[in-house]
Amino acid sequence: MRREPEDTVAGPEDGVAGTVEAVRFDRVTKRFGEHTVLDGLDLAVGRGERVTLIGPSGSGKTTILRLLMTLERVTEGVIHVAGEPYSHMPSGHGERGAGAGPGGPDPKAGLVPASERYLAARRRGIGMVFQHFNLFPHMSVLENVVEAPVHVLREGKEAAAARARELLGMVGLADKVDARPTRLSGGQQQRVAIARALAMRPEILLLDEVTSALDPELVAEVLDVLRDVARATDITLLCVTHEMGFARDVSDRILMFDRGRIVESGRADQLLDEPTHERTRAFLRAVR
Amino acid sequence: MSGFLAELGRALPRLGEGLLVTVESTVLGAGLALVLAYALGLMSGSRSRAARGAARTVVEFFRGTSLYVQLFWLFFALPMLGFRLEPLACGVVALGLNFGAYGAEVVRGAVAAVPRAQLEASVALGMGPGLRLRRVVLPQAHPLMVAPFKNLLVQLLKATPLLSLVTVPDLTFRIDQLRSATGDTAAAYLLLLAVYGVLAGVLSLLMNALERAAKARLGTGGDG
Amino acid sequence: MWDGEAAWAALPTVLEGFGITLVATVLGFGVALLLGLVLALVGRAAPRWVAGPVNAAAAFVRSTPLLVQLFAAWVLVPALDALVLGVLVLGVHYAAYLSEVYRTGIDSVPKGQWEACTALSLPRRRVWRAVVLPQAVRNVLPPLGNYAVSMFKETPLLSVITVHEMFHEASSFGSTHFAYLESFTLAAAVFLLASWPTSVLVRRLEARLAKGA
Chain A
966 MRREPEDTVA
976 GPEDGVAGTV
986 EAVRFDRVTK
996 RFGEHTVLDG
1006 LDLAVGRGER
1016 VTLIGPSGSG
1026 KTTILRLLMT
1036 LERVTEGVIH
1046 VAGEPYSHMP
1056 SGHGERGAGA
1066 GPGGPDPKAG
1076 LVPASERYLA
1086 ARRRGIGMVF
1096 QHFNLFPHMS
1106 VLENVVEAPV
1116 HVLREGKEAA
1126 AARARELLGM
1136 VGLADKVDAR
1146 PTRLSGGQQQ
1156 RVAIARALAM
1166 RPEILLLDEV
1176 TSALDPELVA
1186 EVLDVLRDVA
1196 RATDITLLCV
1206 THEMGFARDV
1216 SDRILMFDRG
1226 RIVESGRADQ
1236 LLDEPTHERT
1246 RAFLRAVR
Chain Y
189 MSGFLAELGR
199 ALPRLGEGLL
209 VTVESTVLGA
219 GLALVLAYAL
229 GLMSGSRSRA
239 ARGAARTVVE
249 FFRGTSLYVQ
259 LFWLFFALPM
269 LGFRLEPLAC
279 GVVALGLNFG
289 AYGAEVVRGA
299 VAAVPRAQLE
309 ASVALGMGPG
319 LRLRRVVLPQ
329 AHPLMVAPFK
339 NLLVQLLKAT
349 PLLSLVTVPD
359 LTFRIDQLRS
369 ATGDTAAAYL
379 LLLAVYGVLA
389 GVLSLLMNAL
399 ERAAKARLGT
409 GGDG
Chain D
2 MWDGEAAWAA
12 LPTVLEGFGI
22 TLVATVLGFG
32 VALLLGLVLA
42 LVGRAAPRWV
52 AGPVNAAAAF
62 VRSTPLLVQL
72 FAAWVLVPAL
82 DALVLGVLVL
92 GVHYAAYLSE
102 VYRTGIDSVP
112 KGQWEACTAL
122 SLPRRRVWRA
132 VVLPQAVRNV
142 LPPLGNYAVS
152 MFKETPLLSV
162 ITVHEMFHEA
172 SSFGSTHFAY
182 LESFTLAAAV
192 FLLASWPTSV
202 LVRRLEARLA
212 KGA
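Protein chains in written order, with my numbering: chain A, 966 to 1253; chain Y, 189 to 412; chain D, 2 to 214.
Hints are not guaranteed to be accurate.
[What the hints assert, rightly or not] Label-pair restraints from in silico Cβ distances:
#1 Y:Phe271 / D:Leu210: 23 to 33 Å
#2 Y:Val390 / A:His1000: 50 to 60 Å
#3 Y:Ala239 / A:Arg996: 22 to 32 Å
If you're looking for bench data, these hints aren't it; they were derived computationally from the structure. As the structure is a prediction and not an experimental result, all values here were calculated from the model. We treat Cβ as the ideally placed atom computed from N, Cα and C, and that holds for glycine.
Can you make the complete structure from the sequences, with help from the hints?
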């Protein structure tokens, strides 16, 4: 899946770590009925970059992750992944996709909304960990992790199981492979969910408030695992969290959102220690 | 009463045959109903408008017209259109269509009750629609279907005496013969009620075991 | 093949029967509503030696076929008029089901509601009338509607004890004019026309109650 550099990401003031583009949002607007969640968003994330999105709830952070995971469709604008259109596909790519609203003429010249088939192939490079874990309750821990590699990537069962055990060992759950997810604590379930996402060898990992549903004493074990993942891999991370310590540890860059727009962005320590925007200061005061 | 018992003893083999016919029509009717329930239920939850519309029409039609009318229509009216079905086949088809329509609602409801988050997780793992249905949705929907299916199955069993009205020699038919032979109407019908009560009880026990097994597969409570 | 004239001729007979069908459904359901409530309250509040047998009898009625119950009642109580007997058997059969509906409706009122009533020292009558029943009714209305529709569709059974409801009329018209196709199709259509809108209404009610809950 790795490709040669195709484009560089501008904006040294944003403190971009990678120089190759993993994700680009091009004037992306998302509306739910009357309600505008994202408003003409431009955003670029470099390959291997770790970006944390912060801001009050309802400011559009989670929607960005859900758009990338194709759980929602853009209303306007185009999302690119690895330099290629993602929310849309080149016209004449075979079938026509399901409709999206009219967008600006520029970003989607020659593009039509992506079909389900187009998306099915492209989203395999992206993994997601959910706030409420979303493990499959009818499968054991090991079966949860093995499921997609075997049935989506068509890996051999033995090889997939071996790798699943390795990943479960990495998240500290080697002894729980045969347990039912419902028997585990929230922290353990979330660690299984992380192993399950990593088993697909994603190039981009989306973390959607992964500790928000956990009891306070279980938060650390999950964040420690994620710190390890960040250290040991060159995976691109997009992370929505209210854990500012974690954000500081893993992020190359932090984006402050408010009402569907980025109000401030910068290096982690810079934004957390010397926020320039009043909204950022108020938000940081509130969460600390 | 003793005359009744003596007659009952003589009639026992025929009653056994009748019981077999009752069981046979229950099993065949339920089998047909199950197939239809899945086909129509999954179609009603489909994204295609045409498939949904077709399934809804069929379901509403067979739920809305009474089972009794359907059975008699198949037995008396269908031959006038040039098709004649055996009495037992009429019964099985009527039971299958009617209970299949009710079962379709069960399948649709159970599939819809699987949390959306489960679908999102399977999308995030790159699963296509077929895989999502087969590996994630149906395994979680099945335990929800068992209890309503149990009720439908008992209802179906209780509907089988109707078949005696179109000359199917089931248990009710045989006991009615016994009644005419002995003239002991009360004893015959009380016996019949008791036998159906036992049959329904056995069916419930079987389905309860199935339900426990299905629930055990899901672990105890919580949707993960 | 289809004979439009025969269908036209069958229409008045079938509709006349439909009147009886409606009467049987309304009366039968009235009996079921009242008797079902009594059964639910007895099953819940009466001493064990009363509640136990009553619950067992209700379970037995639920697990045996309506057709056989009708036959049995017909021969055991020959003095009663067929329609009255049919209404009673329908009513008892469905009361056994409705008692379960009432019971789950009452059980679905959260325990905290009872505790709040205790904390407020509300009198028992007031607890039922102002707190429990209004909340239980929301939960039982849709299943009650569904049972009403299914009772309506079971009324053809009354024909076996010579009640002249719609199905009986369609059947006898069919045999005398050799027009089963027309008369039964007509009866099916009337059933569909009457029960389908009712089902839709019940489903709307269900959706509205679910949203408001």
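Hint check:
| no. | hint | verdict |
| --- | --- | --- |
| 1 | Y:Phe271 / D:Leu210: 23 to 33 Å | 44 Å, violated |
| 2 | Y:Val390 / A:His1000: 50 to 60 Å | 56 Å, holds |
| 3 | Y:Ala239 / A:Arg996: 22 to 32 Å | 29 Å, holds |
In the structure shown, a violation is registered for the earlier hint numbered 1 alone.
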